[in-house]
Amino acid sequence: MNDSFLRLVNVVKRFGQREVIRNLSLEVAEGEVLALLGPSGCGKTTTLRIIAGLESPDEGEVWIAGRKVAAQGVNLYPPRTRRVGFVFQSLALWPHLTVAGNLDFVLASLSVARGEREARITEALRMARIESFASSYPDQLSGGEQQRAALARAIVARPGLLLLDEPMSSLDTELKDDLISEISRLQKQLGVTTIYITHDRAEAAALAHRVAILREGRVESIEEMASP
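Position 175 (the sequence shown) corresponds to 175 in our numbering; numbering is contiguous.
For the record, the hints were derived by calculation from the structure and aren't laboratory data. Even glycine gets a Cβ: it sits at the ideal position worked out from N, Cα and C. Just so you know, nobody snuck in bad clues.
DEER-style ranges, computed between Cβ atoms:
| hint | residue 1 | residue 2 | range |
| --- | --- | --- | --- |
| 1 | TYR77 | SER135 | 33 to 41 Å |
| 2 | ARG158 | LEU76 | 17 to 25 Å |
| 3 | ALA65 | PHE105 | 21 to 29 Å |
| 4 | SER90 | PHE15 | 17 to 25 Å |
| 5 | SER169 | GLN140 | 20 to 28 Å |
| 6 | GLU223 | GLN189 | 23 to 31 Å |
| 7 | PHE15 | GLU223 | 23 to 31 Å |
| 8 | ASP177 | GLU223 | 20 to 28 Å |
| 9 | SER169 | ARG114 | 34 to 42 Å |
Hey, can you work out the whole structure from these sequences and the hints?
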């Protein structure tokens, strides 16, 4: 093993006869921000889902923090044990729960004690700058506020790995620029290893240390960026 926090080794994923991920290998250092860039259908979201344990690889291995979490078609560790925070493209906030309730649900599912849950929720809401909306429901929030709520939910369990699947694709340019700055600030504050999916090269350059170009389920190239 080397010092990489995340390793994908010759990962293959098929849906029926279609091979979506093709012999993909990738390494991400601890604390690094890696952007995945590529056209729709190139396997970016499937790659994140495999890392999170929401899909299993048909071939290859996934290692997180020195543990082999998936190999040869089997998830060896379920999602809740991988210390992964995930911001979905759709955000997937639970509409029947308040912002604080969304965060509390995550912690309760991890069996965090009730007294500690309150402190962690307060901390995550403050870090995402959404504390004034703790008692609001998702449909009462603007697009940018929903993004912040989803970020707070992703970090409330103090993950070692943060996965963001085009979380700002529906936002206007001005709001997107503000949230890019917020995500960059948050990542530096937490020091969490991060993978960020985007179609926008400028967005990738603003956030990432490196950009991996995906095409047809493979890493075509990796580019070094200036420090974000």
